[in-house]
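Chains as they are written, first to last, in my numbering: chain A, 1 to 228; chain B, 1 to 90.
I should point out that these hints are in silico values taken from the structure, not numbers from a laboratory.
Built from N, CA and C at the ideal position, the CB exists for glycine as well.
Some clues are possibly wrong.
[Said to hold, decoys possible] Cβ pair distances, simulated, as ranges: (1) B/Lys62 <-> A/Arg23: 47 to 53 Å; (2) B/Ser15 <-> A/Glu41: 41 to 47 Å; (3) A/Met114 <-> B/Ala55: 52 to 58 Å.
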Amino acid sequence: MKWAVVVFPGSNCDEDAAGAVRRVTGDEVDMVWHTTRDLSEYDAIILPGGFSYGDYLRSGAIARFSPVMEGVKEAAEQGTLVLGICNGFQVLTEAGLLPGGLLGNHHLQFTCGMVELRVENANLPFTSAYQEGEIIRVPVAHGEGRYYADEPVLDELAMHNRIAFTYQGEVNGSVRNIAGIANDTANVLGLMPHPERAVVEWMDSVDGRRVFESMAAYHAKRGVVHAG
Amino acid sequence: MKFYEVEVKVWLKKSVFDPQGNAVEHALTGLGYEGVDKVRIGKYMQLLVEATDEAAAHDKVKSICDKVLHNPVMETYSYTLAEAAAEVSV
Numbered sequence: 001m002k003w004a005v006v007v008f009p010g011s012n013c014d015e016d017a018a019g020a021v022r023r024v025t026g027d028e029v030d031m032v033w034h035t036t037r038d039l040s041e042y043d044a045i046i047l048p049g050g051f052s053y054g055d056y057l058r059s060g061a062i063a064r065f066s067p068v069m070e071g072v073k074e075a076a077e078q079g080t081l082v083l084g085i086c087n088g089f090q091v092l093t094e095a096g097l098l099p100g101g102l103l104g105n106h107h108l109q110f111t112c113g114m115v116e117l118r119v120e121n122a123n124l125p126f127t128s129a130y131q132e133g134e135i136i137r138v139p140v141a142h143g144e145g146r147y148y149a150d151e152p153v154l155d156e157l158a159m160h161n162r163i164a165f166t167y168q169g170e171v172n173g174s175v176r177n178i179a180g181i182a183n184d185t186a187n188v189l190g191l192m193p194h195p196e197r198a199v200v201e202w203m204d205s206v207d208g209r210r211v212f213e214s215m216a217a218y219h220a221k222r223g224v225v226h227a228g
Numbered sequence: 001m002k003f004y005e006v007e008v009k010v011w012l013k014k015s016v017f018d019p020q021g022n023a024v025e026h027a028l029t030g031l032g033y034e035g036v037d038k039v040r041i042g043k044y045m046q047l048l049v050e051a052t053d054e055a056a057a058h059d060k061v062k063s064i065c066d067k068v069l070h071n072p073v074m075e076t077y078s079y080t081l082a083e084a085a086a087e088v089s090v
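So here's chain A without its partners, still in its complex pose:
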């Protein structure tokens, strides 16, 4: 399985994401600069955390116009797994690949630390290694993680089990405590917490490993062999 980690100017969790994939899966990971247009050779694409383009205007607002996002959109349409972590989640909402948006935390502080998440849907390509209802520990680090969407969108997300993770308790003022959501075809997931920072014992949690394990298992089951 071949993974890409997209690197925007201002990404700062790109190496962590690549390191987590290598540790957990042993797979090959390419760091892909944001000017790259074609991502068709990859089986999974990660948009990492950070502050792409300084988060000027809005988080992810400039990054979404990068050439690489055309490639991400095409790959997503073809069923490639796309995982947006933190700033990557913000970029995916700005790009319209996921509904809603991320606003400044309701308490106005940058929130940084271990939080508890509830796995709401364990049938997604990103969550199959978890149990539904399981409480996991994964760190967050963000100033703008307050998920917002209109009520009809939220109802739609809930009805089709597209809410992947919720916070246990108040973290940033997100509607319905949403921490992560999937698109309608379940191959694009965005979440504010950092699973790549919870993959070995000394990180104080290994609960993030199973995001990458789930993705690898999904790929193996799907049996996709790229022509390239």
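Start from chain A and add chain B according to the hints.
Positioned in the frame of chain A, the structure of chain B alone reads:
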């Protein structure tokens, strides 16, 4: 071609909680200012836009606001547009 001075304001939609506005409102109340309500904090942007005429300038600015300067999921915007004085240098 003509030049137009454009001022764009972007706010959070009414349905979206604005923690900055809320914090400032509390501060104002704490400082003794009475009768101050619904404080909302937004963004202000200036643009100098080149276009053949005013209608074309409006089209351009609307497109810029819709596609880039505001996110309709949570924000709304308004703008003003006026032909720039002749001495404007680019």
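Checked hints:
1. B/Lys62 <-> A/Arg23: 47 to 53 Å: With Cβ atoms ~49 Å apart, the hint holds.
2. B/Ser15 <-> A/Glu41: 41 to 47 Å: holds (43 Å)
3. A/Met114 <-> B/Ala55: 52 to 58 Å: holds (56 Å)
Every hint, counting from the list given before, is met by this structure.
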